[in-house]
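S.K.: Quick mapping for you: the protein sequence lines, in order, are chains A and B. Just so you know, we're using this note's numbering here: the first sequence kicks off at 1 and counts up by one. Just so you know, we're using this note's numbering here: the second sequence kicks off at 1 and counts up by one.
These aren't lab readings, by the way, just hints derived from the structure by calculation. For clarity, every value in this text was computed on a predicted model and none was experimentally measured. Warning: the hint list may mix true and false statements.
Claimed, not checked - For each label pair, taking beta carbons as the anchor points, the in silico distance ranges come out as:
| # | chain 1 | residue 1 | chain 2 | residue 2 | range |
| --- | --- | --- | --- | --- | --- |
| 1 | B | GLU27 | A | ASN81 | 18 to 24 Å |
| 2 | B | PRO32 | A | SER70 | 24 to 30 Å |
| 3 | B | SER68 | A | TRP74 | 55 to 61 Å |
| 4 | A | TRP74 | B | MET65 | 51 to 57 Å |
| 5 | A | GLN17 | B | ALA21 | 32 to 38 Å |
| 6 | A | SER43 | B | PRO32 | 16 to 22 Å |
As the list claims (entries may be wrong) - Derived lysine-lysine pairs resembling DSBU-like cross-links, with alpha carbons at most 30 Å apart:
| # | chain 1 | residue 1 | chain 2 | residue 2 |
| --- | --- | --- | --- | --- |
| 7 | A | LYS170 | B | LYS26 |
| 8 | B | LYS26 | A | LYS57 |
| 9 | A | LYS63 | B | LYS26 |
Stated by the list, open to error - Which chain A residues stay away from chain B? Per the calculated CB distances, all over 10 Å, these:
| # | residue |
| --- | --- |
| 10 | LYS8 |
| 11 | HIS61 |
| 12 | LYS63 |
| 13 | GLN67 |
| 14 | ASN81 |
| 15 | ARG88 |
| 16 | PRO130 |
| 17 | LEU131 |
| 18 | SER155 |
Glycine included, every Cβ here is placed at the ideal spot set by N, Cα and C.
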Amino acid sequence: MASSEELKLLIEECKAQKAGAQRQMYARFSGQLFATALRHTNSREDAEDVLQDSFVKIFKHIKSYRQDFSFEGWMRRIVVNTAITHYRKHLKHQHHQDIAEIPATPRDLENQSDPEFTADELELAIAQLPLGYRTVFCMYVIEGYKHHEIAEQLSIDVNTSKSQLSRARKYLQRVLATLSARAQSTTSNASGNAGFAS
Amino acid sequence: MKENDFDMTQTDADFDARCHALLAEKEVAAPPPGDGLFAQPFPAWKRWGMAGGAALLLATGAALMRNSGEEAASAYDGLDASETMELREVLEVSDAAPSNLPVTENEVTLEEAAMPTPEIVEAPEVATSEAAPNVVREAPVAATASEEPALTQGRPNIEAVAVEEVQIGRPSPTSDAASTSTEPPAVTAPVVVPAASGAQPGAEKSEEEAVPADPKPRLTLPLTLPSGGGQH
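Next up, chain A with everything else stripped away, as it sits in the complex:
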């Protein structure tokens, strides 16, 4: 990660429309921003389009960037807003679409409040969310949006944003718990078989 001074210099050169600085900026932040685009789109192709459009906006409006705000956070917001702009109609429909019946939590996992899960498992669980709930959850939890900002971006009510966030969170917790339980069960079965065999 570049130091703050190096990043400031890079930003200033991008403001001067220097192609070399722009290439360097893309190489440094495209991975992070592409991950953000993937969370807010339904396919890799859509995410690539969103990433491309986002960088166009970044280079175009970088002169308006203020140093008192996180540059990564500023770019990430551009990506999210670009994804929302591209799929606004679809997001509206998704907001009204209710999350599918959440599978009943297995008895042995009811008291498990802090399931262990990895980043890959979390991404897998998030991908199973409907796009509307997924967008609200990612904007609030990962991108750092406030509920009134989410409501303004998605053209929904603040209470709707809160309720969708809550439901998305519960869904993910239970999915992750199930995944964790399955993983533990697999591990215990493997060790048991090994012991039985011995």
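Got chain A; can you put chain B on it based on the hints?
M.R.: Coordinates of chain B only, in the frame set by chain A:
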């Protein structure tokens, strides 16, 4: 219930924090940048081309301004430098001295026949064919009256030329010889002055006789342009 709500809130907060920590800094291999995403540097040949185009525009504009200035200064076409200078002198003199010389009807007739402008003293056909008619139009009518005296003065003036032009073949009796020899370089009629006096003496004589003699030398606008060179 409150404890449960607190627990749930704390659980939710912990869950959110853990999700943020796992995914906020996560990176995924991004596709290569698309064409036209980055600023294109200005190629050298374009820079030189633009510079050359700008220089060409400036040169063209300066040339146009120069030409327009020259055209405004010289209203005579086809004049050489000396004729232009003489003509300008005539113009200046004519502007300074209001033309109040009488114009005979004959002269007017000749003038009108030669040039449509009534102010024109005369515009001999011979001269006008070579000289710029525009210049002649501006010539004061009264130039002919003082042509004879002007001729004898040996000064390059419009009157001499104008008289020569109008009074074709009618040189001044007193200065006939002088006019031919000391006649100022045809200020007005380059063709007429040297040629009219020699080529058409008869016509000049007849016109001179029609014009009343005016002892006072007066400058008039030349009807024709001097042939070039002349005595100053």
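S.K.: Can you list which hints this structure breaks, lowest number first?
M.R.: Checked against the structure, no hint fails, so every one of them is satisfied.
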